[in-house]
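Please build the complete structure, drawing on both the sequences and the hints.
Top to bottom, those sequences are chains E, Z and C.
1147 is the number of the first residue of the first sequence in the working numbering; add one for each residue after it.
30 is the number of the first residue of the second sequence in the working numbering; add one for each residue after it.
216 is the number of the first residue of the third sequence in the working numbering; add one for each residue after it.
Simulated from the structure, these hints should not be mistaken for laboratory data.
Don't be surprised by glycine CBs; every beta carbon is placed ideally from N, CA and C.
Check the hints yourself; a few may be wrong.
Said to hold, decoys possible - In silico lysine to aspartate or glutamate, EDC-like type, Cα no more than 20 Å apart, as pairs:
#  : chain 1 : residue 1 : chain 2 : residue 2
1  : C       : K373      : Z       : E133
2  : C       : K373      : C       : D310
3  : E       : K1889     : C       : E352
4  : E       : K1671     : E       : E1149
5  : E       : K1760     : E       : D1726
6  : Z       : K80       : Z       : D247
7  : E       : K1610     : Z       : E363
8  : E       : K1562     : E       : D1894
9  : C       : K373      : Z       : E114
10 : E       : K1610     : Z       : E266
11 : E       : K1760     : E       : E1715
12 : C       : K287      : E       : D1178
13 : E       : K1541     : E       : D1930
14 : E       : K1610     : Z       : E324
15 : E       : K1889     : C       : E381
16 : C       : K287      : E       : D1246
Said to hold, decoys possible - If the Cβ cut is set under 10 Å, some of the chain Z residues that face chain E in the computed set are:
#  : residue
17 : V32
18 : R269
19 : Q272
20 : N344
21 : Y346
22 : P349
23 : N353
24 : R357
25 : A368
What the hints assert, rightly or not - Where chain E lies over chain Z, by a calculated footprint (3+ residues, C-beta under 8 Å):
#  : region
26 : 168–180
27 : 274–280
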Amino acid sequence: MAERLIGRNYTPPDLVAKVTGRARYAEDFRADGMLFTKLLLSPMPHARVRRIDASAALAMPGVKAVLTADDLPDLGGGERALTNEPVYAGEPILAVAAVDELTAAEAIERIEVDLEPLPFVTDPLDSLRPGGPNARLEGNAWGAPLPGGQGPGAPAPLVTLKWTPQDFAEADMGRLPMGKPLEEWAYGDLDGGFAGAALVLDETFVVQSTCHHPMETRSAMAYWQNGKLFIHASTQSVAQTRGNIARWVGMSPSDVMLICEYTGGGFGSKGGGAVSSVIPAFLSRKANAPVMMRITREEESYIGRARTNMTGRARIGFAKDGRITALDLYIVQDCGAYGPLGDHRSAGLAASLIYQPPAMRWRAVNVITNTPPRSQQRSPGPMQANGIIEPVITKAARQLGVDQVQIRRMNSPEGKAAFGPAAGPGGQRAHVTSAFIKQALDRGAAQFDWEARKARAGQRQGSKIRGVGVAVGPHGAGSIGFDSIMTIRPDGRLYVQSGVGNLGTHSVIDLARVAADVLDMPWDKVEVIWGDTGKHLPWTCMSVGSQTTHAMTRANHAGAMDTRRKLQEIAARDLGGSPDDYDIGGERVYRRGAPGRGLSYAQAARRAIELGGKYDGHAVPEDINPMTKESAASLVGLGLMGIAKDNYPRDGVTYSFVVGFAEVEVDIETGKTTLIDYLGVGDVGTVINPRSLLAQIKGGSCLGIAHALFQKAVVDPRYGVTLGDRFHYSKPLSILDVPASMKADALDIADPETPVGARGVGEPPVGAGYGAVLNAIADAVGEDVFRRAPVTADIVLTSLENGRRMHDPLRAHV
Amino acid sequence: MAVIRDPMPAFELFQPTSVEDAQALLRRYGAGAWVLAGGLDSFDWLKDRIKRPEAVVDLSGIPELRGVRARGDGLEIGAMTTLTEVVRHGVVRERYALLLDAAEAAASPQIRNQGTLGGNVSQDTRCWYYRAGWPCYRAGGNICYADTPESINREHAILGADRCVAVNPSDTAPALIALDAQMVIRAANGGERVVAAEDYFVGPGKDITRMTVLQPGDLLTAIRLPGAWAGARFYFEKVRDRQVWDFALVSVASAMVVGAGGAIERMRLAVNGVAARPLRLQAVEDLVRGRPANEATAAVAANLAIAGAQPLRFNAYKVPLMRNLVKRAIRGVEATTWAS
Amino acid sequence: MSYSRRNFIKGVIAGGAVATSAGYLFRGSGPLFGQTSAPGSVERLVTLNVNGQTRRVDVLKQETLAMTLRYKLGLTGTKLGCDRAECGACTVLVDDVPRYSCSVLTHTVRGGRIVTIEGLARANGALHPVQQAVVDEQGFQCAFCLPGFVMAAVGFLKTNATPTREQLAHGISGNLCRCQDYDKILTSLMRGAEYLRRSTT
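Structure (structure tokens):
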């Protein structure tokens, strides 16, 4: 028997290429005669292009083509790569292709663009004020989603929403106005919950927006060959980006050859690729040459996507023992100039899940502003919910004299806990597949030495005060229903096709280990094929929202089980008996009780080719995605093909959880917070790849920690221009901002609703890190010192100095 | 908000091997010339296509501008000596640890490996409106974008503002002032003049387009550290958001000599991040002379330090922050003894 | 385009927070482009020592080392993460010293020994000890920042072969990772320091 691979560390096959510099990301590709493109960005937050005169630019030697929005297909009103109505400062208006970047840049400086300025707004609350500006001509907020769900298929309508002066009466006091919402749900007896509460708190919190800023910007290179588009782009999902590019270009997906073996991070900003990536594709067609588009870091600050900022108000009732009796949550979400995004909905559901209020109301408005476009960023929604609600829980625990771990433990979900409104077809509430948060809290509290640290929290030495914090970060952690293709070939090896983006999580490779385990295949006989739609990939989930490990371990389990069944069938056919008489092991399929009677995998592969039909991919299941069918057709006859859709049942919605524990030291003479120690404990199902999993917990936590401490995006409200277009302005976390050692652990308890037991992990640590550090700061200096993040030195120092909270209470993008 | 940035516009590049040759080039190209030291500040301006010099004069090939050498009872540091070279120098470590601490707080290791001491003290402000190319006072216009009711000015000045509210970003500047360093300047006409560090920097009241006294054609050639403050009791602290690659919100640097009886015999103290130039706090120095280096002295002195501070909308914290850092420079910081 | 920016900003000031409906024109203001030639300037064709090899390259005056490496010498292992000396992805060694190659003019390192990530492994393919440690500890995730981190670490270890975790963290603090498990990065590079010491004793 080969050793079981799941749960063991290993060396992913792409690492040597990575450490030697041979791994090629999108900007590392070259082609003969390659041109370069530069973009002309809108200097205004909202304007209409009246006229473009590129004649002087086109007359320059070396300038090959100019591309404008007029050259691009209409996408039903959705965001395009170039625009004639820029809705944020920095939005690309046109692109020039030239022999080199310098020429392209100088050409852009010779282009005349006549822009008519239009009204703009950068702060969502300003847009909701009576008479406030609308970010778009069509309105200022996204209405409730149309039936059929969210996403590009069913865009919600843009509406105009203005609140009354009365709604804003308390805004100056730092309380979020709660005018007419556009979306809401409720369950339980809210009034009763509050009436019966021993303590009711009502607090407003501003969660900041931040640009995703993956290390690799969304550079892309493209060329055309024999009517096919070859495009090197950076994406979190090779399988699902091809269709998007085809749609953005207006062509058939089968004519798009997307190559992306390595992705330099995405964090949600490259989920289905980047709409800007079609610029070199169009320019290449126009100029009849390959075109490289290097996206600069500054451009990434504008077009690279950002987290939705939220201003939230949470009114929470607590019983004397700390149990939550009611939660009334109002969220104003800022979608930027495009959207709609559903972070605010995920935030509401997450709040309902991890705090388990017996009664809850969720209301929200989804505002658009003339600020850079948003997309889901690592824990989109639940992380913001942690920010809005955690300070309230912390304050309540302090007032009620309840331990911070205990108040979260008693309110946390267990098992198949219900959450959200009664929106099911039969009026039932949704429930999770499993939750073991109490175990994670217990294990974490022990490992973190919570009691000892708690004992010194609040004590002062010199100007330093320590504080401890804990928070539970939740997030949806897995989708279902995707496909798998694998082949055992006459060389006796297992080839697993992987449509997952290789963005560093290693799930692109990990999923093949599930198949290897099912087939008892030694790892050195397994080849993973990924990173190029020309390599015949199956329909695969996007690597966003902690989906992949769950979705693709299921799919590959199904594919491996199909392979196994076919091995058994071939053996029975050739050697007699029924398929169930056969077992597998040692790279053979053999008769149970008579190991000598069997076929090697290599022999079975040859027989599969001879037999044809379903055995070598000539016949495939009906229920698989057309993309999978197309890929299978190209792999026909190579060996024994396992091909299946994940049809495993699932009772519940899959969520994962990470519990974060933080100790901080706040210097009350400078306001500066230093993170002293951190532990993250995952309730994330079966561990597939331990080292990678712990990296996800620590790395995700660090993103949350940075949000608590200093990471931000700043927009000047008067001119509508992003100011934080440099790293030293936007402040992503450095290695010196965290302790030299950080800790992570996982429960490794299998989820009962998925065959491998694994759930996703990427998102939940973000809210855990964010909440734990916010709570630790509050523990050190008092929970009323701040009601916005990041909690920078200025906020702490000014509040302590004045004995009350001094920061701008509601303003976004500061 | 730029419509287009990157790459650097074309320029002619010169790599002279003597100060004389460099200055001849500066004379030849006049306003079209750009002096390149480590380049970390320069490349921002060039890549942003805001500054478009005709000729760039790279000083890295001039041997006399590099190195640390003994001079009298002190040291002379060539302006083109990198911050890493400064930090690693034995005498700096031993006798001028204040400069070591300040230089080590600058930017990041790679930048310290390339950035020079001369460049660090001569760099331009990082006001994000000005650096984005907005036509403000400092850029020759007639408005300050950072000083309106809506401006985002958390990093800006609380003292010495005059139309412009930008601050000086240098980490080594306050340390050099505290050490009473002398700046050696070769004028365009070849003459040499020596300027005290505190006078090297200028505020907007004096010249709103410049950060230092350097006139076109001038070169800073060396920085001299006198022996008078070698081995004194030093204090340096830089408060910043990130612990690497971040500019000071406020920084403080001081050198203090304490007598046998515990009284402060003499002290030099400077702060940065609060004004367009690093400020020597002479009134504080005078006040503390003869007093014990304790909390009471620190409290009185620190309140004096912030007299006249005028915060903007988002930077009121700089007043207590500067006050507290001045306090710490005088009375020190209590060590903590947490278990971990 | 500076005129445009000025016009825009002035327009906003004149019109208040909500922009006026009056249009205005953007007009390029760039100077003549192209290479000027002046007496006494540097030659464009230069000789570089990269990864132990001598390479003759045609280099523009304003060209950065990162661009020369990536676009003239095919050494794309050196990454551009920000092009502004802020992220460290472009770190290479020049005479053993880690430098941000995005912010070094190629002409200024003509006499230097330049080593990139491609130059670390031996000719026989054997990985450099720090590379091997990164493989063994699976130090990085997306790995776009990896070459810069490894070069920064290799350079730092030349000045301090026996660092503590804290010291090594300072040594590589000029490099950003956005996957952000700095703990594992540090563990792998500490292992690299250990391998390096073993390989040289």
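Original post:
In terms of beta carbon proximity below 8 Å, does the region 168–180 of chain Z have 3 or more residues touching chain E?
Top reply: Coverage by chain E holds for the region 168–180 of chain Z (4 residues, Cβ < 8 Å).
Holds or violated: K373/C and D310/C, Cα atoms, limit 20 Å. The hint holds at about 11 Å.
- Given the hint that K1562/E pairs with D1894/E, test it: the Cα-Cα distance must not exceed 20 Å. holds (17 Å)
| said: Need the status of pair K1541/E, D1930/E: alpha-carbon distance at most 20 Å? | reply: This hinted pair holds, its Cα atoms lying about 8 Å apart.
Classify the hint on N344/Z as holds or violated, based on whether any CB of chain E lies nearer than 10 Å to its CB.
Result: holds, 7 Å to nearest chain E Cβ.
Margin query: Check the hint pairing K287/C with D1178/E against an upper bound of 20 Å on the C-alpha distance.
Written below: Roughly 13 Å between the alpha carbons, so the hint for K287/C and D1178/E holds.
| query | Has the given pair, K1889/E with E352/C, been kept, meaning a C-alpha gap of at most 20 Å? | reply | holds (16 Å)
Hey, does the V32/Z contact hint survive, CB to chain E under 10 Å?
-> holds (5 Å)
Q) Is K1610/E close enough to E363/Z, meaning Cα to Cα at most 20 Å? A) holds (9 Å)
If you draw a straight line from the CA of K1610/E to the CA of E266/Z, is it 20 Å or shorter? holds (15 Å)
key: Hint check, A368/Z versus chain E [nearest Cβ-Cβ separation less than 10 Å]   = This hint holds: A368/Z lies near chain E, its Cβ roughly 8 Å from the closest one there, short of 10 Å.
Item to complete: Take a quick look at whether K1610/E and E324/Z sit within 20 Å of each other, Cα to Cα.
Response: holds (16 Å)
Checked against the numbered hints above, the structure breaks none of them.
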